[in-house]
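So the protein lines, in turn, are chains H and D. When the count follows the working numbering, it moves up by one through the first sequence with no breaks and lands on 110 for the last residue. When the count follows the working numbering, it moves up by one through the second sequence with no breaks and lands on 113 for the last residue.
One should not assume that every hint holds.
[Unchecked claim] The calculated lysine-lysine pairs, modelled on DSSO-like cross-linking and capped at a C-alpha distance of 30 Å, are: (1) K101/D / K92/H; (2) K81/H / K109/H; (3) K81/H / K14/D; (4) K9/D / K97/H; (5) K97/H / K101/D; (6) K109/H / K14/D; (7) K101/D / K9/D.
By construction, these hints were calculated from the structure, which means they are not laboratory data. Being a predicted model, the structure only gives us computed values, none of them experimental.
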Amino acid sequence: GQSLEQPSEVTAVEGAIVQINCTYQTSGFYGLSWYQQHDGGAPTFLSYNALDGLEETGRFSSFLSRSDSYGYLLLQELQMKDSASYFCAGSKAAGNKLTFGGGTRVLVKP
Amino acid sequence: NAGVTQTPKFQVLKTGQSMTLQCAQDMNHEYMSWYRQDPGMGLRLIHYSVGAGITDQGEVPNGYNVSRSTTEDFPLRLLSAAPSQTSVYFCASSFRDNREKLFFGSGTQLSVL
C-alpha cells in the first residue's frame with residue numbers, strides 16, 4: 001500500500017520559516033504534490049516534485065528525495081494568510097490517482 | 001470559467017435515503033474523482049474516472065456509485081445513506097497526463113442522521 005505521514009500541527013510567528021515534512025512508505029513511488037486548504041475551503045494545488053531536488057515557487061519551496069522516501073514543504077516569510085492545512089499527496093506511477101497524507105495544520109501567530 | 005462546480009453545498013439526509021451529489025467541470029479535463037474528508041483526516045479517494053464511460057474504485061468505494069456519461073459530468077450516488085457517510089465531499093478534476101495537479105470543487109457538506 002501507500003501511506004504518507006505528516007505532523008499534525010505546527011505553530012510559528014509571522015515572518016518565520018516553517019518546514020512540513022512528509023514521509024511515505026510505498027514501492028514504485030513516482031512524485032509528490034502539495035496542497036493548501038483554508039478552513040471551510042477547498043484544497044488548492046501548490047507544487048509538484050516529479051524529480052528529486054528543490055522546486056521553488058515564490059515564498060514556498062518543495063523538496064523530494066525518493067531514495068529517502070521523504071519530502072518537505074518550506075514556507076518562508078510566513079504571513080497570517082498562510083494559516084491553513086497543508087497536505088502532501090503521492091502517486092504510485094505517472095498520471096496515477098493521488099493518495100493524500102493526513103495534513104498539517106499551520107497556525108501563524110502575530 | 002467556472003472550473004469545478006459541485007451541488008448542493010449542504011445536505012441533510014436520514015439513514016436509508018438515497019441522493020446524488022453533482023459535479024461538473026468546464027475545463028475539458030479527462031480525469032475526474034471524488035474524495036471524502038473527515039475531521040482531522042486527509043482526503044480519501046472514493047471513485048475516479050479517466051474519461052467518459054470509464055470509472056474505477058478508489059480507497060473507500062463501498063456505499064457509493066458513479067457514472068461518467070460525458071466528459072463534463074461525474075455524479076456521485078449514495079445508495080442508502082448511513083451515518084458513517086457524514087463527511088465533506090470534494091469533486092476534483094485534472095488533465096489525464098497531469099493528475100498531480102487537481103482542481104477541486106467547493107465541496108458538499110453531508111450529514112446523515
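Structure-based check of all given hints:
At most 30 Å may separate the alpha-carbon atoms for a hinted pair to count; K101/D and K92/H meet this at roughly 15 Å. Between the alpha carbons of K81/H and K109/H the distance comes to roughly 10 Å, so the proposed pair stays at or under 30 Å and holds. A threshold of 30 Å between alpha carbons decides the hint, and for K81/H with K14/D the separation of about 38 Å lies outside it, so the pair is violated. Of the pairs offered as hints, the one joining K9/D and K97/H holds, with about 25 Å between alpha carbons and a cut-off of 30 Å not exceeded.
Distance restraint check for K97/H and K101/D: the Cα-Cα separation of roughly 11 Å lies within the 30 Å cut-off, and the hinted pair is therefore satisfied. Restraint check for K109/H and K14/D: the C-alpha separation of about 41 Å exceeds 30 Å, so the hint is violated. A threshold of 30 Å between alpha carbons decides the hint, and for K101/D with K9/D the separation of about 23 Å falls inside it, so the pair holds.
The structure does not agree with the numbered hints 3, 6 stated previously, though it agrees with the rest.
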